[in-house]
Amino acid sequence: METLRIPINDWLTAFNAVLWHDSVLYIVMATGLLFTVWSGFCQYHALTHGVKIIRGDYDKADSPGAISHFQALSAALSATVGLGNIGGVAVAIALGGPGAVFWMWMVGLAGMALKTTEVTLSMLYRRTDKPDEPSGGPMWVADDGLARRSPRLQRVGRVLGVLFCITLLISTITGGNMFQAWNVGIVTEESFGVPQQVVGLVLAALVGAVILGGIKRIGAVAGALVPAMCFLYLAAALYVLAVHVADIPAMLRLIVASAFSPAEAAGAFVGGTSGAAFVWGMKRALFSSEAGQGTSPIAHCAAKTDEPVREGVVAGLEPFIDTLVVCTLTSLVVLASGAWCRDGEASLREPPAAVQIEPGCWDLSDTPLPEKHAQALAITGTAWRPGDAVFVLARYGAIDPATGGDLQRVNGVVVGAGDRLYVDWTPVGSPGAPLASAPALAGLDVYKDYVGAALTSHAFDRVAPGLGKWLVAVASWLFAVSTMISYAYYGEQGMVYMAGRRSIVPFKIVYCLSILLACAGWISTEAELDNLSSVGTGVMLWVNIPITLLFAGETMRAYRGYFARVRAARRR
Numbered sequence: 342m343e344t345l346r347i348p349i350n351d352w353l354t355a356f357n358a359v360l361w362h363d364s365v366l367y368i369v370m371a372t373g374l375l376f377t378v379w380s381g382f383c384q385y386h387a388l389t390h391g392v393k394i395i396r397g398d399y400d401k402a403d404s405p406g407a408i409s410h411f412q413a414l415s416a417a418l419s420a421t422v423g424l425g426n427i428g429g430v431a432v433a434i435a436l437g438g439p440g441a442v443f444w445m446w447m448v449g450l451a452g453m454a455l456k457t458t459e460v461t462l463s464m465l466y467r468r469t470d471k472p473d474e475p476s477g478g479p480m481w482v483a484d485d486g487l488a489r490r491s492p493r494l495q496r497v498g499r500v501l502g503v504l505f506c507i508t509l510l511i512s513t514i515t516g517g518n519m520f521q522a523w524n525v526g527i528v529t530e531e532s533f534g535v536p537q538q539v540v541g542l543v544l545a546a547l548v549g550a551v552i553l554g555g556i557k558r559i560g561a562v563a564g565a566l567v568p569a570m571c572f573l574y575l576a577a578a579l580y581v582l583a584v585h586v587a588d589i590p591a592m593l594r595l596i597v598a599s600a601f602s603p604a605e606a607a608g609a610f611v612g613g614t615s616g617a618a619f620v621w622g623m624k625r626a627l628f629s630s631e632a633g634q635g636t637s638p639i640a641h642c643a644a645k646t647d648e649p650v651r652e653g654v655v656a657g658l659e660p661f662i663d664t665l666v667v668c669t670l671t672s673l674v675v676l677a678s679g680a681w682c683r684d685g686e687a688s689l690r691e692p693p694a695a696v697q698i699e700p701g702c703w704d705l706s707d708t709p710l711p712e713k714h715a716q717a718l719a720i721t722g723t724a725w726r727p728g729d730a731v732f733v734l735a736r737y738g739a740i741d742p743a744t745g746g747d748l749q750r751v752n753g754v755v756v757g758a759g760d761r762l763y764v765d766w767t768p769v770g771s772p773g774a775p776l777a778s779a780p781a782l783a784g785l786d787v788y789k790d791y792v793g794a795a796l797t798s799h800a801f802d803r804v805a806p807g808l809g810k811w812l813v814a815v816a817s818w819l820f821a822v823s824t825m826i827s828y829a830y831y832g833e834q835g836m837v838y839m840a841g842r843r844s845i846v847p848f849k850i851v852y853c854l855s856i857l858l859a860c861a862g863w864i865s866t867e868a869e870l871d872n873l874s875s876v877g878t879g880v881m882l883w884v885n886i887p888i889t890l891l892f893a894g895e896t897m898r899a900y901r902g903y904f905a906r907v908r909a910a911r912r913r
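Numbering (our numbering), first residue to last: 342 to 913.
Incorrect hints may appear among the rest.
Once the Cα atoms are required to be at most 25 Å apart in a straight line, the calculated SDA-like pairs of lysine to any residue come out as [said to hold, decoys possible]:
1. Lys393 to Gly841
2. Lys849 to Ala407
3. Lys393 to Arg901
4. Lys393 to Ser409
5. Lys849 to Leu547
6. Lys471 to Gly784
7. Lys471 to Ala899
8. Lys471 to Gly841
9. Lys471 to Arg843
10. Lys471 to Leu375
Hints are computed from structural coordinates only; laboratory data are not their basis.
All chains, full assembly: derive it from the sequences and hints.
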């Protein structure tokens, strides 16, 4: 398994370097700003008119569609308000520093315009020949939109539609499914000792039972889960912030300052440049809010309405709720608690010896651990366990472009039994990237590697011991299941477009099997987790953003026309 995992991770790293080139992030941000100005700041309409729509002020019983505006928003939010808000935010801060939060805010604001535009566009081209089973999404926009412009472009539209569906399936399986399942497996095993494989079996059974009922059952389940899980999670986050209310102004200043200047290394945080903050903030916010990906339009196209723009305005609320509310609260919990720059759980008695195992490649000797790591015991009540991921900080190799320094992690895994526990360290350096000298430890502190949602759980535990264990475990299950069932519907619609309704059952089987794969133990670090989920987000942006820009003029005409009618109705 290990020999297979490493080449796959290396390949994903190289692929993501292209997908997530800085220019791609600039283009996405610029597109959101373009739609913001072009629409006359549609964020305002989302926060005012959008609230009236989901309240039911404009509902019509005879409108085509399968679910209400609120259920459509809940179904879309159940996909966006997920473990990206718990685990993704923690990953962004752990790897990019506090400044990543600032860029998440910027993406959230621009994402409101992106969501409004892409959902409005898909609503303009949705198919309602079966009013109770409407279908829509960027694939139908490309297919029907280009055919309307010229019959000669019909084949091009079909190719674009299929290409989008292929990227949709990649995103569905990776970010919408495996990312969620992996995080739940990690949190559950960390908190309760339940093996990830068992968690995978339970998740697969639950998700399979819901997705067999189609969009109506998904909408009903999401409409019940989303408000409950948001209230539970936000109430706990507000409690933590109330405890640290005096630290909040300093945290906000740190976020803004770190967005434009390097963040110094502190505790478990190895330091980060403003560029790293920008990249990680953008990547995680785009993953969390799905702005520009083209997934949300598929859920919103099931809404009962005869006004395409109306549903687009409702969709604009998603990034606000997801990024500017939920992600911000998670960020402040991680920062105010000190979890991101925590001290080591224990100190080694002496530095491990560095052994050169081949030219340019060094390995640290297996290191005995203290019988207990006092800090973690006081916070979580959990002692060292075999299989725990740990790390020490060392200086080796060239300057790390992500941090602007030479301080890097040396990762390891706890092995052994009983009181005789050791760390088996991962070698550093390779023949392709040799190190001129052995890694020099920056200190004797050894840190437990809280990955993704586990770091958020640890942050809650630092404020109220035991809170994180239960809260994040319960929230992770609720958030993950809601996200996975919505993404199953997205993938299903992509399969219907490409292969017809006969492909739905085989897709659902593969979808559930991928849950088991995610919990099989072949993902072990934050970097591997990010590699996996970033592929799905990245490939969709590359296809959906050009489609949205191609038809943006048509979308904006519809948007302005709708609000002209709204203003005229008010004057009467």
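Verification of the supplied hints:
| no. | hint | result |
| --- | --- | --- |
| 1 | Lys393 to Gly841 | violated (37 Å) |
| 2 | Lys849 to Ala407 | holds (21 Å) |
| 3 | Lys393 to Arg901 | holds (18 Å) |
| 4 | Lys393 to Ser409 | holds (13 Å) |
| 5 | Lys849 to Leu547 | holds (13 Å) |
| 6 | Lys471 to Gly784 | violated (66 Å) |
| 7 | Lys471 to Ala899 | holds (23 Å) |
| 8 | Lys471 to Gly841 | holds (15 Å) |
| 9 | Lys471 to Arg843 | holds (18 Å) |
| 10 | Lys471 to Leu375 | violated (35 Å) |
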